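Take a look at the letters that make up each chain.
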Amino acid sequence: MSVSGVLVIAMAVLYACGIFLLLERSMTRVLIGFLLLGNATNILILIVAGRIGVAPIVTDGVTAAEMQDPLPQALSLTAIVITFGISAFLLALIYRSWFLGRMDEVEDDEEDIAVGTRKFAFEDEQSDPDHAVDSDFDPGELEEEQLEAERSAAHPVDTGQTSGIGPEIAGEKSALIATAVRSDPGVEPGESAVAEPGPGQNSAPEPDGEPGTGPDLAPDAETDRGGRR
Amino acid sequence: MNALVPLVVLLPLIGAAAALVTGRLPRVQVAVTVSALTLALAVAALLLFVVDSSGTLVVEVGGWAAPWGIVLVVDRLTALMLVVSASVLLVVLFYTVGQGLADGDDETPVSIYNPTYLILAAGVFNAFVAGDLFNLYVGFEILLASSYVLLTLGGTRARIRAGITYIVVSLLSSLLFLASVAMIYGATGTVNIAQIAVRLQEIPPDVQLIIHVMLLVAFGIKAAVFPLSFWLPDSYPTAPAPVTAVFAGLLTKVGVYAIIRTETVLFPGGALSNALMIVALLTLVIGVLGAVAQADIKRMLSFTLLSHIGYMIFGIAIATVAGVAAAIYYVIHHIVVQTTLFLATGLVERIGGTTSINRLAGLLKLSPMIGVLFFIPALNLGGIPPFSGFLGKLGLFVAGAELGTPLAYIVIAGGALASLLTLYAMMRAWNVAFWRSQEEFDEHSSPYTATLAEAPGDVEQRSTREAPRLMVRATAAMVALSIALTVFAGPLFAMSLRASEDLDGARHYIEAVLPGTVLPEVNR
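Same order as they appear, the protein sequences are chains A and B.
Numbering-wise, our numbering puts 58 at position 58 of the first sequence, and it's gapless, one number per residue.
Numbering-wise, our numbering puts 333 at position 333 of the second sequence, and it's gapless, one number per residue.
The hints are simulated quantities; they were obtained by calculation from the structure and are not laboratory data.
Only a predicted model underlies this, so the values are computations on that prediction, with no experimental measurement involved.
Hints should not be assumed to be uniformly reliable.
Away from chain A, derived, C-beta distances all over 10 angstroms, residues of chain B [as the list claims (entries may be wrong)]:
#, residue
1, R24
2, E141
3, I164
4, A182
5, G186
6, I278
7, Y409
Taking beta-carbon pairs under 7 angstroms as the criterion, some of the chain A residues facing chain B (in silico) [to be verified]:
#, residue
8, V81
9, I82
10, R96
We treat Cβ as the ideally placed atom computed from N, Cα and C, and that holds for glycine.
Chain A on its own, in the form it takes in the complex (with noise of 0.2 angstroms):
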């Protein structure tokens, strides 16, 4: 059986691409992913089918093995029509989620951010050294340090840490904080300087009009978050 390289190549980029984008956070990018993961399972299919032949229709002067085997062109066919099928109705789901929240991306599970937080993983990360030393530079970040630590004392949740401590330790404590809110991989800030690239795929629903903007974002979440928790 022979086999096309071209499209072997081009299954595996499109594999290669298509795993990358499910794994981004913006649900456009994931739609993106999934429509390019079922073209690779598509070309799969045909690669699949062997070598090149003419088409299958029976005529004279044409044997059965000059055809191009017919089956799998079929079951792709089917699985176009499916992954059609379910990429419009996940594009509805976008649509509503953004219609609904704003948002163009997963949410956070809040149980899982409750799990994450409760008690002790709050101190293991004031215990590591490492955060303290990268958040000290660069104004912006002081900015929304001071962000967090408003927020956070606007929580009793994220405040059992630094009530009834001096103002000055409160403050330190406050940029500890917000080192280890913004080193949670669950959380926006962080998540904003990772989904920069890319400038043409974030012309899909972003939502005020300013892609990328994580500040701009944070607080919705994060008030979002901490009234419910």
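Following the hints, put chain B in place on chain A, whose structure we already have.
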């Protein structure tokens, strides 16, 4: 008799079309939906009778002969699954109707609900009768597509969030399945399950292993087997109660069914049995530990659902006739009892306004009937004799002990632990929500329940003094069905045993689909 086989898929599909057309007339639509499912159940019951008395039915759709055309195969396992799932679907439909009548159809768009529900039924049935892998894939897609709609019904924020997780994970598993179908076609040149089973033996073992693992991962995601199960407790509890009940009862079991077929027909050698044993053990223990940590009854039930998938995988991993028979019996038991529990929890939510055990109290006084309807399946799930849960676990443990490997004994210990912890979680819910009096609730708070995980974004529902009568009756019918599984455990277990004997070594299946095939004796 062969004409009956496509009917079981066609009836719900035709019913769905009719229900869609009659969307403006709710009563007619309900009548259409109920009659379509009732007929499907009747056909399934007839199929079970015919198949059990005169052997496997094979239908060549469109008259194309077996390896080339699409075949539908109904053996004892398929027929059993058809009957159980059809009856569960029918009872849950009555429950939904009761709920819709009570709510005045304001919140749930019933005109969409009923057709989608029927298409879900068609997808489930199609997956059961499929005789070739691609048809199985199509069956999965049908049931998944309608499950996406049912899960996100109403489009609230919580459901959209849960729905997206669920859909992306399901899509990934579907693509993986499709890719493995492609690989199998590349290796064997066919998608007919029986012919694949014959030709796979001529393939080098390493290629076999790749295909085997790919299929198991794809089905494992659908069946929510441990490392691939985290989507389930995240997404199921947000759906409406009857939807969660059907999903919990049926959808994961379709995955388990596919794993049974993979392990018995396609790869009968048990090449990955030890890996499956370990996976079963982890599923059992980790799932039940999740259940113990939950305050919300729906979430707790979702975790016990995960955990108990481990029992079925254990039965399949034992790979003896007795082991697979016990797994089949356990699948049937679990479909019924898990659905019943979710339905009862739906009733609890209606009279209590919440499903969190931290905020429930005095339900037994409020409604003794619902108390009983929750208590019986709770004991059943926990494996208290003489209920079917106990019998199923006993069957599995006996089969495991007969196998006698150290690993099997470890999984048996894990299974016993999971059973006890399930009982603990269920009885805690019972004691706190039903047994505790309202006064006790007002003045007392326990540090043990306060640390339990609540459902995210949990909102108090409006509660009614009494649950709608039809909903209670439907739940009572499910409880009766679960008791029937106990009373008729003898004949049912005997039938599971016959179904398992059919599956043993795949010979029966292959000969039914491709008569006259010469099977090499070596690997069997």
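Worksheet item: Can we confirm that no CB of chain A comes within 10 angstroms of the CB of G186 (chain B)?
Response: Incorrect as stated: the minimum Cβ-Cβ distance to chain A is 3 angstroms, not above 10 angstroms.
**OP:** With a cut-off of 7 angstroms on the beta carbons, see whether R96 (chain A) makes it to chain B.
**Re:** holds, 5 angstroms
Next on the checklist: Does R24 (chain B) clear chain A by more than 10 angstroms, comparing its Cβ with all Cβ atoms of that chain?
Outcome noted: holds, 23 angstroms
Distal placement of E141 (chain B) relative to chain A, Cβ over 10 angstroms:
violated, 5 angstroms
Q. Are I82 (chain A) and chain B close enough, Cβ to Cβ, to be under 7 angstroms, as the hint says?
A. holds, 5 angstroms
**Item:** Whether Y409 (chain B) stays farther than 10 angstroms from all C-beta atoms of chain A, as the label says
**Value:** Holds, because the least Cβ-Cβ distance between Y409 (chain B) and chain A comes to about 33 angstroms, which exceeds 10 angstroms.
Decide, holds or violated, for the assertion that all CB atoms of chain A are farther than 10 angstroms from the CB of I278 (chain B).
-> holds, 25 angstroms
Beyond 10 angstroms from each Cβ of chain A, as asserted for I164 (chain B)
Check fails; 6 angstroms does not lie beyond 10 angstroms.
| request: Classify the hint on V81 (chain A) as holds or violated, based on whether any CB of chain B lies nearer than 7 angstroms to its CB. | output: With a closest approach of 10 angstroms, the V81 (chain A) hint is violated.
* To do: Decide, holds or violated, for the assertion that all CB atoms of chain A are farther than 10 angstroms from the CB of A182 (chain B).
  => About 4 angstroms separates A182 (chain B) from the closest Cβ of chain A, which leaves it inside 10 angstroms; violated.
Hint violations for this structure: numbers 2, 3, 4, 5 and 8, all remaining hints satisfied.
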